[in-house]
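Given chain A, work out where chain B should sit, using these hints.
Protein chains in written order, with our numbering: chain A, 1 to 147; chain B, 1 to 147.
The hints are simulated quantities; they were obtained by calculation from the structure and are not laboratory data. Incorrect hints may have been included.
According to the in silico footprint, chain B covers these stretches of chain A (three or more CB under 8 angstroms from chain B) [claimed, not checked]:
no., segment
1, 30-42
2, 46-56
3, 80-88
Virtual Cβ for every residue (Gly too), placed ideally from N, Cα, C.
Number of protein chains: 2
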Amino acid sequence: MLTRIDHIGIACRDLEATVDFYSRTYGFQVFHTEVNQEQGVREAMLRINGTDDGGASYLQLLEPIREDSAVAKWLAKNGEGVHHIAFGTEDVDGDSEAIRDKGVRVLYDEPRRGSMDSRITFLHPKDCHGVLTELVTSATPGDDEAH
Amino acid sequence: MLTRIDHIGIACRDLEATVDFYSRTYGFQVFHTEVNQEQGVREAMLRINGTDDGGASYLQLLEPIREDSAVAKWLAKNGEGVHHIAFGTEDVDGDSEAIRDKGVRVLYDEPRRGSMDSRITFLHPKDCHGVLTELVTSATPGDDEAH
Chain A
1 MLTRIDHIGI
11 ACRDLEATVD
21 FYSRTYGFQV
31 FHTEVNQEQG
41 VREAMLRING
51 TDDGGASYLQ
61 LLEPIREDSA
71 VAKWLAKNGE
81 GVHHIAFGTE
91 DVDGDSEAIR
101 DKGVRVLYDE
111 PRRGSMDSRI
121 TFLHPKDCHG
131 VLTELVTSAT
141 PGDDEAH
Chain B
1 MLTRIDHIGI
11 ACRDLEATVD
21 FYSRTYGFQV
31 FHTEVNQEQG
41 VREAMLRING
51 TDDGGASYLQ
61 LLEPIREDSA
71 VAKWLAKNGE
81 GVHHIAFGTE
91 DVDGDSEAIR
101 DKGVRVLYDE
111 PRRGSMDSRI
121 TFLHPKDCHG
131 VLTELVTSAT
141 PGDDEAH
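If we strip away everything but chain A, and leave its shape as in the complex, we get (with noise of 0.2 angstroms):
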């Protein structure tokens, strides 16, 4: 069961920048930053709220590390902007597979490795009226404690 708005990932082409902007116009902070090679990306996450599942919802700022990254496509495609929507659920994998099983293309067999050691998967976005869709097991939940 998704159970709050885990984060919104927004891509860019400077992370640094980026973070300059959230943190300087709102004062935003930047809670736990890491590079996933996987994904080719580095990222930022800003924590913007506690939710009432025990979780959080955060910004997750994305510059790709590799032209051939999806987020390097996606960004010569259509610009700096909202690349993806992602929702906290406990249960990735029993939610990707009910998801699956509706008619839904999820991206990946197995869930994989996410923000600060969640467990996540992609729903395609031509199956979820035009947004690309991450869920997301935090790898502890309610743990807010930043790295």
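Frame of chain A, contents of chain B only:
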């Protein structure tokens, strides 16, 4: 101060079909529907989770009711997908003024009426790394009663 992700605004061509997708696929329920003549849209709010500032996070599904509305033009150019993101604040007037003073273009001189009698304004996407960004002050903070 912006204290939550208030909603993600998603543009669609057929509101009933899109509501049906979100309901069937994820079990999300319609919390509120309305027509906003000024914005030229009819919309459904799907409540996803409560937030630790006493508010909530929604998906806002938007279908244009006029060809000359901003959402209709956006759909013609981009197809269905994420149209904007919105942050909740207790003081949309003060925050939009402070943000304008930082050099970000605020699209309305004064906040206008948004979903559920909220007061809203928008920031120019070109000043926000490609993201059309809305600021929202709810009519009744913490009011979780469906209409």
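Right, here's what the structure says about each hint:
1. Only residues whose beta carbon comes within less than 8 angstroms of a beta carbon in chain B count, and the segment 30-42 of chain A has 0; fewer than three means the coverage is violated.
2. Here the segment 46-56 of chain A counts 6 residues with a CB under 8 angstroms from a CB of chain B, which clears the bar of 3, and the coverage holds.
3. Check result for the segment 80-88 of chain A against chain B: holds, 5 residues qualifying (beta carbon to beta carbon below 8 angstroms, three or more required).
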